[in-house]
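Chemist: Sequence:
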Amino acid sequence: MSPIAGLIQTLIIMALIFFLAYKYIDLQTKNTHFECPHCGSSFKLSKSGLAIAFKKNLYERMVTCPVCDYKGWMEIIKDE
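At the far end of the sequence shown sits residue 80, using my numbering, and the numbering has no gaps.
I should point out that these hints are in silico values taken from the structure, not numbers from a laboratory. Possibly wrong hints are sitting among the right ones.
To be verified - Taking lysine-lysine pairs in the DSS-like style, the calculated list, with each CA pair at most 25 Å apart, reads:
no., residue 1, residue 2
1, Lys-44, Lys-78
2, Lys-55, Lys-23
3, Lys-44, Lys-30
4, Lys-30, Lys-47
5, Lys-55, Lys-78
6, Lys-44, Lys-56
7, Lys-30, Lys-56
8, Lys-30, Lys-71
9, Lys-78, Lys-30
10, Lys-56, Lys-78
11, Lys-55, Lys-71
12, Lys-23, Lys-78
13, Lys-56, Lys-71
14, Lys-47, Lys-71
15, Lys-55, Lys-30
16, Lys-71, Lys-44
17, Lys-23, Lys-47
18, Lys-44, Lys-55
19, Lys-44, Lys-23
20, Lys-47, Lys-78
21, Lys-56, Lys-23
Unchecked claim - Quick list of simulated restraints, FRET-style, between CB atoms:
no., residue 1, residue 2, range
22, Met-62, Gly-40, 17 to 23 Å
23, Ser-2, Tyr-24, 32 to 38 Å
24, His-33, Gly-6, 42 to 48 Å
25, Asp-69, Gln-9, 44 to 50 Å
Note that the Cβ used here is the ideal one computed from N, Cα and C, for glycine as well.
All chains, full assembly: derive it from the sequences and hints.
Modeler: What follows is the structure in structure tokens.
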């Protein structure tokens with residue numbers, strides 16, 4: 001395989017990974033929210049905010065409440 005073909009193949013795979021990650025984040029921001037344990041407010045994060053939030057596991061993120069500025073681990077809650 002030529003170096004150019006390998007580079008093109010790598011770029012296609014990377015583009016596919018970024019596309020799938022974007023779609024996952026898009027789905028997460030549309031169908032989930034957070035509830036602040038300090039003040040009880042419910043809020044959504046932007047796509048970039050959710051993407052860069054520290055992850056404890058699949059269901060918790062380190063986020064800051066936009067109402068009371070509480071920063072801590074909050075569970076991702078699915079919208080109903």
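Chemist: Are the hints correct? Go through all of them and say.
Modeler: Checked hints:
1. For a cut-off of 25 Å, the pair hint linking Lys-44 to Lys-78 stands: about 11 Å separates their Cα positions.
2. Between Lys-55 and Lys-23 the alpha-carbon distance is near 18 Å, which keeps this suggested pair within the 25 Å criterion.
3. For the hint linking Lys-44 to Lys-30, the alpha-carbon distance of about 8 Å falls within 25 Å, and the restraint holds.
4. A hinted pair counts as satisfied when its Cα atoms are at most 25 Å apart, and Lys-30 with Lys-47 qualifies at roughly 9 Å.
5. A hinted pair counts as satisfied when its Cα atoms are at most 25 Å apart, and Lys-55 with Lys-78 qualifies at roughly 17 Å.
6. Pair hint Lys-44 plus Lys-56 holds up; C-alpha atoms about 18 Å apart against a cutoff of 25 Å.
7. Distance check on the hinted pair: Lys-30 and Lys-56 sit about 21 Å apart at the alpha-carbon level, within 25 Å; holds.
8. Simply put, Lys-30 and Lys-71 have alpha-carbon atoms about 22 Å apart, close enough for the 25 Å limit, and the pair holds.
9. Among the hinted pairs, Lys-78 with Lys-30 is consistent with the structure: their alpha-carbon atoms are about 9 Å apart, no more than 25 Å.
10. For the suggested pair Lys-56 and Lys-78, the alpha carbons sit about 17 Å apart, so the restraint of at most 25 Å is met.
11. Distance hint between Lys-55 and Lys-71 is fulfilled; the C-alpha atoms sit about 13 Å from each other, no more than 25 Å.
12. For the hint pairing Lys-23 with Lys-78, the CA-to-CA distance comes to about 17 Å; that is within 25 Å, so the pair holds.
13. Restraint check for Lys-56 and Lys-71: satisfied, since their Cα atoms lie roughly 14 Å apart, inside the 25 Å limit.
14. For the hint pairing Lys-47 with Lys-71, the CA-to-CA distance comes to about 18 Å; that is within 25 Å, so the pair holds.
15. Annotation: proposed proximity of Lys-55 to Lys-30 holds, straight-line Cα distance about 18 Å (limit 25 Å).
16. For the hint linking Lys-71 to Lys-44, the alpha-carbon distance of about 14 Å falls within 25 Å, and the restraint holds.
17. At most 25 Å may separate the alpha-carbon atoms for a hinted pair to count; Lys-23 and Lys-47 meet this at roughly 10 Å.
18. Straight-line distance between C-alpha atoms of Lys-44 and Lys-55 comes to about 16 Å, which keeps the hinted pair within the 25 Å bound.
19. In summary, the hint linking Lys-44 to Lys-23 is supported, as the alpha carbons are separated by about 17 Å, within the 25 Å threshold.
20. Restraint check for Lys-47 and Lys-78: the C-alpha separation of about 16 Å stays at or below 25 Å, so the hint holds.
21. A C-alpha spacing of about 21 Å is found between Lys-56 and Lys-23, which places the hinted pair at or below 25 Å, so the restraint holds.
22. Between Met-62 and Gly-40 the beta carbons are some 19 Å apart, a value that agrees with the proposed interval 17 to 23 Å.
23. Between Ser-2 and Tyr-24 the beta carbon distance is about 33 Å. The supplied range of 32 to 38 Å therefore holds.
24. At about 43 Å, the beta-carbon gap between His-33 and Gly-6 stays in the expected band of 42 to 48 Å.
25. For the hinted restraint 44 to 50 Å between Asp-69 and Gln-9, the CB-CB distance of approximately 47 Å keeps it satisfied.
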